[in-house]
Each structure stands twice: as C-alpha cells, then as structure tokens.
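Student: The whole structure should be built from the sequences, with the hints applied where relevant.
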Amino acid sequence: MLIEGEFMDLLIYFAQSIVYAVVVFLFIFLAKRIADKRVMTVYNADDEIGTAKNMAVSFRRAGLYIAIGIGMFAAAGTDSSGSGFMDNLLHQVIDGILIMIFLFSAMYINDKFILKNINNDEALKNNNIAVGLVELGAYLATGMIAYGSFADSGPWYSSIVFFILGQSVLVLMVLIYEYTSKIKILEEIKNGNIAAGLMVAGILVAYSLILKAAIIGPFNGWSEDLLAFSISAISGILLLLIIANKAIENIFLPNTDLYKEIVVDQDIPPIIVVVAVKITLALVIGAVVL
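In case it helps, numbering that gives the first Met the number 0 puts the sequence shown at residues 0 to 289.
Since the hints were derived computationally from the structure, they do not count as laboratory data.
With a cut-off of at most 16 Å between alpha-carbon atoms, the simulated EDC-like pairs for lysine to aspartate or glutamate come out as follows:
1) Lys115 with Glu187
2) Lys111 with Glu121
3) Lys183 with Glu260
4) Lys189 with Glu121
5) Lys259 with Glu187
6) Lys183 with Asp264
7) Lys181 with Asp256
8) Lys124 with Asp45
9) Lys189 with Asp110
10) Lys124 with Asp35
11) Lys259 with Glu248
12) Lys115 with Glu177
13) Lys189 with Glu177
14) Lys181 with Glu260
Tutor: Shown next, in the form of structure tokens:
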C-alpha cells in the first residue's frame, strides 16, 4: 500500500500532468483559430472537413495539430514536482509561443520554396490531395525540428538558431531533390499526383528525423555545436540517400521503375514502401549513427 506521502506525491504529479496537457490543448486550439482566420477568404476549414469531406484540407490541419504536439512534447517540463512546477509551466508556455511562431513562419517559407508557383490554399480547396500530403509532411518535419531544438535545456536563443538552421537545411535538401530528380515533381503535385505528393512528404519527414538527431543535445558552445550539427546533418543525409536508394533498388523494390510508378501509373503502393524504408532508415541513422 502507498503511504500517505507517496499518495500525495502521486496525486500532485497527476494534477500537474493534467495542467501540462491542458496547456498543449490550448495551444492547439489557438493554432486552429489562427489557421481558420488565415484561410477564411478562400474556404471555411470546418465546412471543408466536416461537410465537403475534403481530404486535402484535413491533411493540412492534421499536420498542424500533430506538429504542435511534437514540439510541445519537447517543451514540457521534465521536473514537475515541488517548487519547480511553476517554472516548468512558464517555460512550457514560452516555448509553446515560440513553437507556434516557428510553425507558421516555417510553413510560409515552405510554401514559397517547396511548393513554389502553387497556390496552396486554392489547391486544397479543390481537394488536391497531393498538395495536402506535402503540407502534412512539411508540418510533421517542422515539428520534428522544433522537437530537436527545444528538447534539451539551453539558452533560448540557441533553440531559435538551431531551428532556423534545421529548417534551412530541410528546405535546401528538398530543393536539391526537386532539381536533380528526373521527375518534374512540382508539376506532378500541382496536377494532383498523389504518388508524387506522398514521395515528397516522406522525404520531408525522413530528412527531419536526421536533422532532429543532429540538433538534439545539450548546448556546449557555438563553435562546438555548430560544427557537430554540420557534420551530423551532412553525414546523416548522405547515409540516408546512399543506403535508402540502394536498399530500395536492390532489396525492397528490385524490379520497379519509380519514374514510371510516379509519373505514368501514379501508383501509390510502391511509394508507400519507398517512404516507409526512407523513414525507417532515417530513424535508425538518427538513433545509432548520429
């Protein structure tokens, strides 16, 4: 049986956990209101999701909510007992505000660079699922980078710097993929090719897992941490590119022409396998190698 002191400690811990959960819920609700207002001149998100059954809008909104949850999970106080609770709660609120700013700012930048020349809001209103999937992947990726930036205690400005660095590398890697791929991936996404949208979404998430692993860790000084981030990010992404491509070509889909599957057949099942392999390898590289 629990003695009285242990029972009270457990009760306090449970109550504080509920407070943290409520704070996260309030941030998600705030994000909904901001997102609703941002697109209100183009469409009503609630009507599109609830009445029109618009999958594309649903993907975008789901990505936003999950990304906030991922970022806030890192921001949640780890020591929620005794006098540290209020400090941890204040820390969570401040980090939550920063994460919200980062998410909406990053998504504006992602829309301008990753899905350039595509009117995302109009595309989503027209239920372009390919665009919705890319937005889902971009939100999840941004949430992962936010997680890496806020997961460890350190000066608040270091979180901002490493978030910006991680987001910049993410956008750069996707741009490199777009320019080097023989597939006109943006054109395919603009035309509603779900296989193409799924591929880019998977690449975003896979790269973000590498970047999260490169960012996360205690702050040891600018020169040391910037060098460690650069080495980890570059080596991790190169390993992912080399290993993933070889594994897909020789093991998982040995007789498959991905260009044909995406552009000609617009076939989704092989791309699901490709995305799964890339994300799995990114998790392994992030956990074991970096």
